[in-house]
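Protein chains in written order, with my numbering: chain A, 1 to 437; chain B, 438 to 643; chain C, 644 to 864.
Don't read these hints as lab results, they were simulated from the structure.
Nothing false has been slipped in among the hints.
Listed below are the simulated DMTMM-like cross-link pairs for lysine to aspartate or glutamate, each with C-alpha atoms no more than 20 Å apart in a straight line:
1) C:K849 - B:E614
2) C:K846 - B:E614
3) A:K59 - B:E614
4) A:K59 - B:D610
5) B:K606 - A:D304
6) C:K743 - B:E515
7) B:K551 - B:D482
8) B:K606 - A:D108
9) A:K59 - C:D850
One letter stands for each residue in the lines below.
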Amino acid sequence: MTHTKHIKTSQQHYDYMLLALIPLIICACVIYSARVLLICATAFMTARIVDVATAVARKQEIDAGDKSSAVAALTFCMMLPVSVPLYIVVVTVAVTILVGKHIFGGKDVYPFNLAALAMCMAAVNWPEEVFKAVTPMTGVNFWTGAAQSSLTGSSQIKLGGLPYISTFDLLLGNHAAAMGSAFVLVIVSIGVFLLATKHITWHAPVSFLATCIVFSVVFPRIYGVSAIDSLKYEILCSAIVFYAVFMLNEPATTPKNPRAKIVFGILTGLLTMLFRYFGSYEIGGCFALLLVNATEGYWDRLFDKDTIHSAEEKLSSALKIGTKQPTEHKKPEPEAKTEKTVKAEKTSEKHTETANSKKVYKKEEKQPVSKTVKTAEKKKSAKDKRTAKEDALSATTTLDIISRAEDDIDQVMFSTQTIDMEEALRAFEEKYNKGGK
Amino acid sequence: MNQVLNSILTFFAYSVLAIGAQNVIFTRGLGLSSGLRMINDPRKDTLYFCGALTFFQIINSMLVYFISPVINRSFLSEYSRFITPVLIVVCCALSYMIVVFGLGMTIKKSTFRKIIHSLTGASINSAIVGTIILTLSSGFDLIETIGFAFGSSIGYFLAMLLISEGERKLRHDLIPENFRGLPVTLIYISVLALAVYGLTGHSMAL
Amino acid sequence: MDRREKIHNELLNWDNTVRKRKITLSNPVFIKGLALAPLALAATTVKNSFILSVMVILLLTPTRIITSLITRHMSVPLKTFFYPLVSALVFGVAYYGMYKVMGTWALSLGLYLPVLVVDPLIVKNFEKTRKESFLYSIINGLRNTGGFVVACMLLGAIRELLAFGTFAGKKIMAVSLLPMAQHSFGGFLIIGLMSAAWNVGVKAYKDKLEKEAAAYESGVK
Chain A
1 MTHTKHIKTS
11 QQHYDYMLLA
21 LIPLIICACV
31 IYSARVLLIC
41 ATAFMTARIV
51 DVATAVARKQ
61 EIDAGDKSSA
71 VAALTFCMML
81 PVSVPLYIVV
91 VTVAVTILVG
101 KHIFGGKDVY
111 PFNLAALAMC
121 MAAVNWPEEV
131 FKAVTPMTGV
141 NFWTGAAQSS
151 LTGSSQIKLG
161 GLPYISTFDL
171 LLGNHAAAMG
181 SAFVLVIVSI
191 GVFLLATKHI
201 TWHAPVSFLA
211 TCIVFSVVFP
221 RIYGVSAIDS
231 LKYEILCSAI
241 VFYAVFMLNE
251 PATTPKNPRA
261 KIVFGILTGL
271 LTMLFRYFGS
281 YEIGGCFALL
291 LVNATEGYWD
301 RLFDKDTIHS
311 AEEKLSSALK
321 IGTKQPTEHK
331 KPEPEAKTEK
341 TVKAEKTSEK
351 HTETANSKKV
361 YKKEEKQPVS
371 KTVKTAEKKK
381 SAKDKRTAKE
391 DALSATTTLD
401 IISRAEDDID
411 QVMFSTQTID
421 MEEALRAFEE
431 KYNKGGK
Chain B
438 MNQVLNSILT
448 FFAYSVLAIG
458 AQNVIFTRGL
468 GLSSGLRMIN
478 DPRKDTLYFC
488 GALTFFQIIN
498 SMLVYFISPV
508 INRSFLSEYS
518 RFITPVLIVV
528 CCALSYMIVV
538 FGLGMTIKKS
548 TFRKIIHSLT
558 GASINSAIVG
568 TIILTLSSGF
578 DLIETIGFAF
588 GSSIGYFLAM
598 LLISEGERKL
608 RHDLIPENFR
618 GLPVTLIYIS
628 VLALAVYGLT
638 GHSMAL
Chain C
644 MDRREKIHNE
654 LLNWDNTVRK
664 RKITLSNPVF
674 IKGLALAPLA
684 LAATTVKNSF
694 ILSVMVILLL
704 TPTRIITSLI
714 TRHMSVPLKT
724 FFYPLVSALV
734 FGVAYYGMYK
744 VMGTWALSLG
754 LYLPVLVVDP
764 LIVKNFEKTR
774 KESFLYSIIN
784 GLRNTGGFVV
794 ACMLLGAIRE
804 LLAFGTFAGK
814 KIMAVSLLPM
824 AQHSFGGFLI
834 IGLMSAAWNV
844 GVKAYKDKLE
854 KEAAAYESGV
864 K
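Based on the provided sequences and hints, a complete structural model is requested.
Shown next, in the form of structure tokens:
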């Protein structure tokens with residue numbers, strides 16, 4: 001497969017994200033012991049093994065340059081406590097990379113942020129192990145992870161308390177928290193570096209952080225302290241800054257249009273705070289991000305109608321099928337690619353697919369059988385056309401229309417026809433990824 | 438005045454509950470089969486379908502709310518658990534017939550043709566029946582029932598929008614062949630359901 | 644009918660072959676996506692799956708037979724009224740019967756048994772104007788029931804094993820591999836994965852038939 005510019009730029013992004021995670025891993029090693037390396041190496045290896053195994057199973061070339069799984073695995077590790085059992089890391093990373101990435105098509109096209117998905121999966125499966133924080137600079141058993149655990153600042157706020165942690169410690173990350181998501185100063189420095197080198201854009205992180213800050217000020221959760229202190233604890237005790245820098249700029253799961261990115265950031269911020277206030281878990285940002293990831297395409301379409309329109313036209317031509325309606329009961333509509341047209345394409349694709357599957361068989365079955373199939377098909381289609389036409393003409397009364405609607409119900413099937421993703425990525429590339437030139 | 442304000446607040450509180458934590462699709466899975474068929478059916482329009490669903494949901498919830506106590510007070514009260522589904526289905530089927538014939542006689546045939554596909558399927562499905570059973574078993578009062586019914590429908594609509602949006606993304610040739618169509622859609626829904634689970638933190642009681 | 648003729652017939656009428664084999668080739672759950680609500684939410688253990696299966700066995704075929712008999716000469720709106728009503732009445736009787744036999748165990752699935760009444764698995768087949776013969780209603784009802792029961796029991800067993808490490812309440816594994824299998828999202832995920840596995844099976848079966856057919860053709864030549 002020839003690489004598009006999009007793939008090149010996304011590769012650069014993942015290279016730099018991998019580089020950006022190294023300072024966090026070093027800080028975590030200093031504060032929590034070398035077990036951090038063991039966890040990261042386990043996650044990294046699991047992600048790589050799943051990537052290779054999937055490529056082998058799908059009979060595809062092994063992509064040595066694909067670092068999206070490694071970045072996701074290490075980002076996920078940074079949100080875990082150092083005491084986490086290794087089997088949790090292995091199972092979660094394996095399931096996430098397999099289900100969240102490869103089933104959805106692999107790198108550059110998966111719809112959900114992998115690190116967020118992994119964190120949510122780990123949190124719902126093993127909450128006790130995942131939310132146990134380790135006191136910094138205390139002994140941690142290298143193999144078992146046995147350590148002196150304490151309540152995180154975020155949990156204390158959730159329980160209605162006040163975390164007694166100095167601002168300096170909050171900024172340095174010197175408090176009981178996840179492995180790498182609490183080093184606020186380091187994370188901000190990494191963010192500035194990535195911004196300066198143009199490997200991330202400011203739109204989503206800044207709008208996300210601004211929304212979280214405004215929400216915390218307008219609806220303070222911590223009583224008995226000043227608004228600034230409440231804001232400080234709310235933002236610095238959680239992994240909000242970490243989400244902003246490491247998870248809101250992933251090329252595959254965030255919008256391409258700058259205005260869409262801002263809306264994406266605001267929405268993620270809003271949902272993050274709602275999940276933090278009313279949800280059951282501290283990692284509200286991960287749950288929120290999964291939900292907002294699902295809307296990503298809509299914001300791009302909303303804010304950049306021309307580009308999306310031309311891109312979708314290209315996709316339609318790549319499909320090599322018209323937007324002909326599946327039955328005679330509905331008139332074709334000229335509009336570009338509304339929801340209805342997409343649906344119509346799906347059904348016409350269904351017909352194309354059935355025809356194709358029959359063709360394959362015809363080839364193998366030699367003359368006599370193919371003749372029979374062909375004749376049967378011809379007869380069937382002629383009969384169908386005539387019946388449908390007669391039906392359409394005769395549908396004049398209310399009863400007719402109702403019966404027609406109900407007859408049609410059984411015709412619905414799930415579409416399995418696809419579009420050429422290479423073409424899709426190229427179309428978006430022309431507009432957005434200038435860095436790859 | 439206070440009572441009116443309280444009623445409005447209750448209505449919205451129950452609506453929000455039904456949209457979020459008790460989402461009819463992502464939390465309870467109700468109406469998913471009909472919803473997936475609706476999304477894959479070019480004759481059905483999401484807006485018409487969900488509009489019809491909202492209407493039938495509220496009307497039927499109110500009907501059952503008023504009729505159910507009559508059964509509970511009669512000699513049939515012992516069997517109410519077994520009769521309730523029949524009662525709900527009768528209400529749904531009757532309201533469907535009244536609406537369809539009313540519309541058939543009053544609006545243009547071409548408009549009727551456009552919406553009838555969406556009406557069929559939106560009137561009698563598990564999202565409506567499940568929500569009504571839930572409101573009855575929870576002992577909601579009228580405002581709570583209407584608020585919950587309204588919220589359920591809006592939650593259903595939002596869930597369908599998210600799933601439709603996902604369907605647009607799940608039609609490319611990089612998805613493994615055996616996962617295309619229903620499997621990948623269900624896995625996509627499972628991730629969204631996981632995200633909504635973050636709000637409640639526990640599975641709903643059956 | 645010899646093997647060669649059988650294979651040719653199956654391939655030539657592939658749509659028909661698929662339609663007839665509800666348990667394997669056109670499973671109502673894994674291929675058609677029916678009854679997803681009860682399966683994703685309630686079929687978490689073998690016991691729950693058993694209750695669901697019993698209800699579908701009692702509900703699907705009898706409802707189909709009764710409706711095929713009484714609504715044969717009815718107009719469409721009347722059918723729309725009667726189909727779910729018959730389904731609900733059969734459900735009421737079946738539910739009461741199950742309650743008498745199984746006790747409160749039958750009630751443990753809450754609203755997920757009553758919603759079966761209007762699930763497309765039960766109602767979909769009736770929303771057609773085409774008349775269905777008595778015999779066809781029995782055969783098709785049984786095929787659909789079989790397809791559902793196989794899917795439901797399989798799903799219950801796999802989810803129980805993954806979530807609790809048990810099978811029908813008996814401990815098999817010391818750890819639970821994937822506790823999320825007991826939740827709704829775990830249910831959707833596992834149904835999705837099993838649906839893909841089903842697709843693999845269907846494709847493998849068709850490939851096998853095509854290879855056999857090609858072998859026969861070349862042998863004849």
